[in-house]
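Undergrad: Make the full structure from the sequences, and use the hints.
Protein chains in written order, with my numbering: chain A, 1 to 383; chain B, 1 to 383; chain C, 1 to 383; chain D, 1 to 383.
Hints listed in this document are in silico derivations from the structure and should not be mistaken for laboratory results.
No residue lacks a Cβ here, since even glycine has one placed at the ideal position from N, Cα and C.
Treat the hints with care, since some could be wrong.
Quick list of simulated restraints, FRET-style, between CB atoms [unchecked claim]:
1) C:S324 / D:Q174: 21 to 31 angstroms
2) D:E22 / C:L364: 28 to 38 angstroms
3) D:E22 / B:Q174: 30 to 40 angstroms
4) B:E167 / A:K53: 34 to 44 angstroms
5) A:N198 / B:K178: 33 to 43 angstroms
6) B:S13 / A:E377: 24 to 34 angstroms
7) A:E366 / B:K210: 25 to 35 angstroms
8) B:K178 / D:K331: 37 to 47 angstroms
9) B:T128 / C:E131: 50 to 60 angstroms
10) D:Q174 / A:D138: 50 to 60 angstroms
11) D:E10 / A:S324: 48 to 58 angstroms
12) D:K331 / B:Q174: 42 to 52 angstroms
Protein chains: 4
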Amino acid sequence: MNKLWKKGYELDSEVEEYTVGEDYLLDQALLPYDIQASIAHAEMLGECGYLTKEEAESIVAELKKLESLEIKKEDEDSHTAIENYLVEKLGETGKKIHTARSRNDQCLVAMRMYFKNNLQKLETEIKTLIEELKKKKDVPMPGYTHTRKAMPSSSGLLFSAYMDMLEDDLLLLQSVKKILDKNPLGSAAGYGVPLKINKESTTKKLGFAKTQENPIHCANSRGKYELLVANVLTSIMLDLNKMASDLILFSTSEFGFFKLPKELCTGSSIMPQKMNPDPLELIRANYHVVSGYEATIKGICSNLISGYHRDFQLTKGPAIKSMSITLGSLKVMGKIFAGLELDEEKMKEAMTKELYATEEAYKLVEKGTPFRDAYKEVSKKFM
Amino acid sequence: MNKLWKKGYELDSEVEEYTVGEDYLLDQALLPYDIQASIAHAEMLGECGYLTKEEAESIVAELKKLESLEIKKEDEDSHTAIENYLVEKLGETGKKIHTARSRNDQCLVAMRMYFKNNLQKLETEIKTLIEELKKKKDVPMPGYTHTRKAMPSSSGLLFSAYMDMLEDDLLLLQSVKKILDKNPLGSAAGYGVPLKINKESTTKKLGFAKTQENPIHCANSRGKYELLVANVLTSIMLDLNKMASDLILFSTSEFGFFKLPKELCTGSSIMPQKMNPDPLELIRANYHVVSGYEATIKGICSNLISGYHRDFQLTKGPAIKSMSITLGSLKVMGKIFAGLELDEEKMKEAMTKELYATEEAYKLVEKGTPFRDAYKEVSKKFM
Amino acid sequence: MNKLWKKGYELDSEVEEYTVGEDYLLDQALLPYDIQASIAHAEMLGECGYLTKEEAESIVAELKKLESLEIKKEDEDSHTAIENYLVEKLGETGKKIHTARSRNDQCLVAMRMYFKNNLQKLETEIKTLIEELKKKKDVPMPGYTHTRKAMPSSSGLLFSAYMDMLEDDLLLLQSVKKILDKNPLGSAAGYGVPLKINKESTTKKLGFAKTQENPIHCANSRGKYELLVANVLTSIMLDLNKMASDLILFSTSEFGFFKLPKELCTGSSIMPQKMNPDPLELIRANYHVVSGYEATIKGICSNLISGYHRDFQLTKGPAIKSMSITLGSLKVMGKIFAGLELDEEKMKEAMTKELYATEEAYKLVEKGTPFRDAYKEVSKKFM
Amino acid sequence: MNKLWKKGYELDSEVEEYTVGEDYLLDQALLPYDIQASIAHAEMLGECGYLTKEEAESIVAELKKLESLEIKKEDEDSHTAIENYLVEKLGETGKKIHTARSRNDQCLVAMRMYFKNNLQKLETEIKTLIEELKKKKDVPMPGYTHTRKAMPSSSGLLFSAYMDMLEDDLLLLQSVKKILDKNPLGSAAGYGVPLKINKESTTKKLGFAKTQENPIHCANSRGKYELLVANVLTSIMLDLNKMASDLILFSTSEFGFFKLPKELCTGSSIMPQKMNPDPLELIRANYHVVSGYEATIKGICSNLISGYHRDFQLTKGPAIKSMSITLGSLKVMGKIFAGLELDEEKMKEAMTKELYATEEAYKLVEKGTPFRDAYKEVSKKFM
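TA: Written out as structure tokens, the structure reads:
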């Protein structure tokens with residue numbers, strides 16, 4: 001099979017397998033963006049005279065037909081699959097698509113578009129979850145500190161805290177989306193190309209806010225921008241992890257404030273009575289999966305000089321997988337809240353007197369006792 | 001010694017040591033903010049009638065004298081030290097300072113102010129480093145991919161990439177600063193207080209952009225906001241790690257492009273000839289220290305239900321230490337660039353012909369050869 | 001499709017997809033062990049009278065035919081696939097296989113066998129790599145500290161250090177293998193079964209060193225034992241990361257001591273001259289992938305009470321994937337060393353005088369100068 | 001102040017502060033080992049004729065007096081402090097102590113001895129905790145899976161699972177101790193010394209099991225061996241994290257099985273009624289602190305060529321601090337179990353009927369119903 005860097009000798013096949021890894025599978029998610037960017041690139045090459053009008057048009061026409069290409073292991077990646085496809089369809093003309101670009105900027109631009117698009121999806125899912133939370137009822141329940149009853153609270157206060165947490169995530173998400181909204185196409189292998197291309201043209205066609213001018217900056221943003229996105233994902237997953245922790249505990253028979261819809265519980269293979277909160281446990285655990293992927297990205301990018309290293313290839317899996325996990329987790333959490341029921345009876349029963357100890361101290365304060373003395377007075381009742 | 005939660009029995013002393021940990025040392029950095037917030041709190045209590053005008057004034061007056069208090073191990077933390085100090089100075093009146101607050105919101109507000117202030121310092125340091133980079137000369141040098149010569153580049157292109165990377169960090173920093181710019185005072189232990197306090201008043205006095213209304217949101221932002229700051233710090237340190245990696249390699253005798261000022265190199269205890277780039281190696285390694293602290297924060301905050309847990313105390317050290325490391329690393333990097341010299345001779349010598357192979361292929365392209373064929377043609381020369 | 005925990009209602013299909021995740025794919029690697037353990041379990045049930053002789057024999061006979069079963073998404077996991085298969089083949093008798101076991105101990109025992117077997121494979125690969133290293137030539141070359149020339153060294157000294165590092169890994173591997181060599185079958189869901197089963201019998205049949213008696217210990221070892229294996233894998237990968245770092249640097253044109261076989265290098269899509277050490281870069285990066293998976297396992301297992309949680313399911317992927325990456329990395333590294341050539345000319349040229357500065361100081365020491373004075377004397381020559 | 005690598009120019013003072021970091025504080029823990037190793041080294045130099053008998057004796061005599069030296073910031077580290085001390089006391093003779101060694105092997109040997117000694121202490125603490133666990137009463141209580149009641153269990157079963165977990169840790173600890181039990185002294189800066197020293201002599205004097213012969217192996221074990229120790233510490237802390245998680249939940253008013261001794265609980269600064277399990281929460285959180293330090297070590301050691309780098313200095317803090325945290329956590333956990341009381345009444349009440357559902361299914365199995373059918377039958381009662 002043809003590779004973009006082939007020079008007439010064969011790579012050891014076991015080693016080839018090791019180097020390709022799961023890239024050909026991951027690139028399936030990037031393909032639509034790779035095609036879109038290739039179209040913009042071909043058009044720009046036509047505008048600048050590196051392709052004739054006819055060449056540019058025929059390449060664009062073929063690329064527009066290409067949405068469902070299956071990337072094979074032998075293709076190595078979507079970039080090669082696209083070039084091989086064009087050569088097959090257009091012969092000599094196809095061999096011109098890679099003029100003035102490298103797989104590096106091709107991959108960078110596809111990832112960038114993938115991120116922009118998926119951050120947008122995340123934003124929508126977060127807002128959907130917030131809407132779901134808004135619908136829930138406000139019922140008094142104990143507030144906990146140190147996993148112990150502390151002061152009076154309510155389901156409304158709790159769920160509205162979740163909304164505020166998600167609003168924080170939205171702010172971070174929007175900032176990161178803005179940071180990445182730069183077109184890296186034209187940076188080639190990280191040192192530009194000695195040709196007179198027009199980067200502004202692809203920036204405009206692809207809807208980027210601006211051109212990422214410095215090609216070394218483009219190369220060095222590989223991994224770094226994956227990390228920024230990972231920060232957003234970890235931040236969202238941490239909030240879902242907290243919600244899951246709350247719901248798991250508050251739906252035990254010992255606490256009993258919430259009831260999970262049975263359609264979202266699974267059973268045990270041995271214990272007939274069990275109704276387990278598996279989706280919540282998996283959301284909780286998936287925080288650690290996403291956080292582990294973030295650790296991978298942080299590790300891979302470190303202690304490397306400027307410019308591309310093959311190491312960066314392995315940031316692609318963590319980035320794409322954690323995006324997909326986070327989207328899935330938000331969806332499942334939305335369903336859980338949609339089905340969640342409050343056990344008002346149990347919540348009421350749980351409003352026991354120790355929750356009001358602080359209030360009692362404040363009553364003494366209002367009568368003139370200094371707070372610290374009021375505190376000591378009331379505390380005696382609970383020793 | 002008096003503790004804010006004392007009720008007339010003694011804690012096991014070894015356990016007490018374990019629980020206090022290094023908090024009393026860390027709180028030294030928070031003290032100025034704790035005092036400032038206590039002043040605003042006392043004034044507000046006065047305005048709302050929970051302290052008489054005289055009480056509020058005397059507390060404020062004592063607090064204003066308090067900048068240099070040393071927090072002792074027996075004090076446990078700055079919050080206790082402040083209350084103990086006020087009781088010592090003002091007797092009964094001092095015991096009223098803790099009305100309508102908990103150590104939780106007291107700690108939250110002090111950390112929040114510490115972060116705002118130190119993010120501002122970071123911003124200044126980043127800008128200083130950018131200024132330093134702008135002063136450096138632009139000299140041609142090889143550009144590397146895969147740690148191998150790739151295409152022609154220059155010191156100017158490299159250093160300006162650093163500036164762009166730092167500009168990205170600034171954007172992230174400013175977003176995070178904005179997310180945290182909310183006053184948590186009044187959230188008490190995470191469930192508010194049953195008193196008619198005026199949160200807007202302290203928000204205004206302390207210069208926050210707004211009040212963080214939901215008290216559970218306040219409690220749950222402990223650790224979470226530390227993580228957001230850690231994201232910024234890791235992001236900056238990753239860029240410094242890359243700069244350090246470049247400078248270490250490019251200043252070896254084998255590469256030889258850059259010369260480090262000897263005032264910033266240390267020697268070996270055994271090898272008389274050595275001039276080692278220790279500060280750069282420590283910057284490189286400190287990325288991992290900061291990243292490890294971020295991992296700690298991410299771990300501590302996970303799998304916990306809403307509301308305060310003592311676990312959060314242990315996010316304070318990682319947050320304060322990584323802030324201090326990042327500030328120090330930026331400073332040292334600034335000095336290194338200030339002293340860095342370019343060895344123009346060596347840089348010129350390194351501009352060998354393989355760097356121009358892509359250019360050669362493009363010359364064939366301009367004569368009409370499809371890029372992929374031109375590539376293959378030129379590649380034969382290098383086999 | 002039938003699930004082991006089905007009770008007559010349907011799970012939300014999107015949620016089901018989220019909960020199954022990639023388990024059905026991962027379990028393909030566990031299937032042979034699950035079958036083997038199921039055979040031992042059925043035989044034991046026969047011995048203890050929970051199955052008739054005929055039932056036990058027919059189950060065993062069917063299981064022995066079962067090596068190539070494909071686990072489908074609807075099966076959820078290998079455990080369900082096996083029971084469904086037996087019910088299909090044997091009707092009522094098939095429904096008895098799950099007597100006295102849970103998916104928990106079934107999964108535990110399969111993972112345990114998978115680990116034992118793959119740790120054995122790792123041991124073999126490590127030894128093969130050591131043999132490859134032994135074959136390499138011993139040629140003088142500079143020794144480096146701080147990435148700068150330090151003292152005279154040799155390729156033989158370097159490669160033999162690699163062997164010693166791998167020997168350390170072998171010791172750790174063997175200890176961990178020993179710790180896990182315990183049969184968890186019979187622990188059921190983590191609290192045993194109220195039946196008179198014979199755990200020693202399956203322990204013997206499956207070749208375990210002993211029975212893991214306490215069922216809560218069995219349940220709590222889920223994740224924990226994955227972590228122990230991850231420690232071994234990270235340890236090996238860290239050594240490969242160091243070897244890769246050495247080989248990448250020492251094979252640059254600037255250093256030039258080593259030459260990588262071109263069959264193990266890949267090219268650039270844009271730069272015709274490039275021969276890049278991609279497999280080495282991927283080995284280097286895969287350390288971080290394995291280390292990230294270890295972080296995931298460490299996170300998932302934390303802050304959870306004793307007993308099974310669905311969270312543990314997500315430790316399976318990290319464990320199986322990092323095992324496979326480590327095995328692959330060792331293999332590729334073996335091939336790289338097999339093909340590695342030394343450039344003796346370049347190595348000799350690099351033995352420049354500063355490498356002998358310490359020796360020079362020691363000559364003064366032998367003439368009676370105190371070491372610190374000798375050091376200072378010699379150091380003057382290099383300022 | 002004199003530094004071992006001083007050559008007559010001054011280091012920038014801010015940079016010096018950055019490079020020294022907290023080393024001078026950490027080295028306080030290493031000093032006794034550094035002295036012991038220096039004694040062995042001096043004796044060996046005497047035996048080999050690099051010091052006269054008198055010189056060796058006077059150095060040894062001075063070192064034996066040295067247990068309480070305070071290392072100052074200007075000393076940089078314990079190695080320099082020792083040499084400076086000897087020069088002050090013995091003049092010219094003192095300058096000879098560093099013959100045939102580098103700070104690298106000096107630090108390696110001190111860390112190695114520190115680890116051996118502290119792993120021994122850990123072993124003792126683990127055994128003490130096991131003894132404490134053995135004393136606790138065995139009372140029936142529910143067993144949990146998915147944080148929900150599953151099957152009957154008992155405090156005895158739970159605590160004995162803890163013992164088994166700790167026994168696993170002991171095995172790992174002993175293996176790691178064995179791996180590190182090698183004398184690195186004589187490896188100097190990682191490439192040995194061109195002198196006829198006798199490494200076996202110091203190996204014997206210092207009680208190491210063997211000599212670590214290859215000097216590059218010695219240098220490369222910096223960080224790597226810290227990681228092995230970190231693996232042990234994380235493993236222990238993970239078990240303590242689980243115990244803490246159990247105890248925190250089972251001592252809530254909602255569960256109520258266990259009562260924590262009030263001497264080990266702390267209160268709230270605002271809520272008079274609170275008795276919080278702070279030491280347990282800190283143990284739980286300290287798992288993440290130790291795990292974060294492990295991440296730091298793993299990061300620092302990566303992507304670096306063979307030989308010493310200053311980066312490794314920053315593995316010292318994480319290693320020493322996590323050792324100290326783990327020792328402290330074991331001690332505190334021992335105290336908690338010593339004081340822990342079982343609320344037998346509450347435990348008994350919690351033994352509700354759903355815990356016996358599996359038993360009920362097995363009764364049907366014993367009457368001939370296939371397990372899966374029995375399961376379905378019983379499960380109907382719980383829908």
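Undergrad: Now, for every hint given, state plainly whether the structure supports it.
TA: Against the structure, the hints:
For C:S324 and D:Q174, the hinted distance range of 21 to 31 angstroms is satisfied, since their beta carbons lie about 30 angstroms from each other. At roughly 36 angstroms, the beta-carbon separation of D:E22 and C:L364 lies within the given 28 to 38 angstroms, and the hint holds. For the pair D:E22 and B:Q174, the beta carbons lie near 31 angstroms from each other, so the given range of 30 to 40 angstroms is met. Taking 34 to 44 angstroms as the suggested C-beta distance range, the pair B:E167 and A:K53 conforms, at roughly 39 angstroms.
Distance hint check for A:N198 and B:K178: the Cβ-Cβ separation is about 36 angstroms, which falls inside the suggested range of 33 to 43 angstroms. Evaluation of the 24 to 34 angstroms hint for B:S13 and A:E377 yields a pass: the beta carbon distance comes to about 27 angstroms. Restraint check, A:E366 to B:K210: a C-beta distance of roughly 29 angstroms satisfies the suggested window 25 to 35 angstroms. For B:K178 and D:K331, the hinted distance range of 37 to 47 angstroms is satisfied, since their beta carbons lie about 44 angstroms from each other.
Between B:T128 and C:E131 the Cβ separation comes to about 55 angstroms, which falls inside the hinted range of 50 to 60 angstroms. Taking 50 to 60 angstroms as the suggested C-beta distance range, the pair D:Q174 and A:D138 conforms, at roughly 57 angstroms. For the pair D:E10 and A:S324, the supplied restraint of 48 to 58 angstroms holds, since their beta-carbon distance comes to about 56 angstroms. Distance hint check: the CB atoms of D:K331 and B:Q174 are about 45 angstroms apart, consistent with the given range 42 to 52 angstroms.
Hint compliance for this structure: every hint is met.
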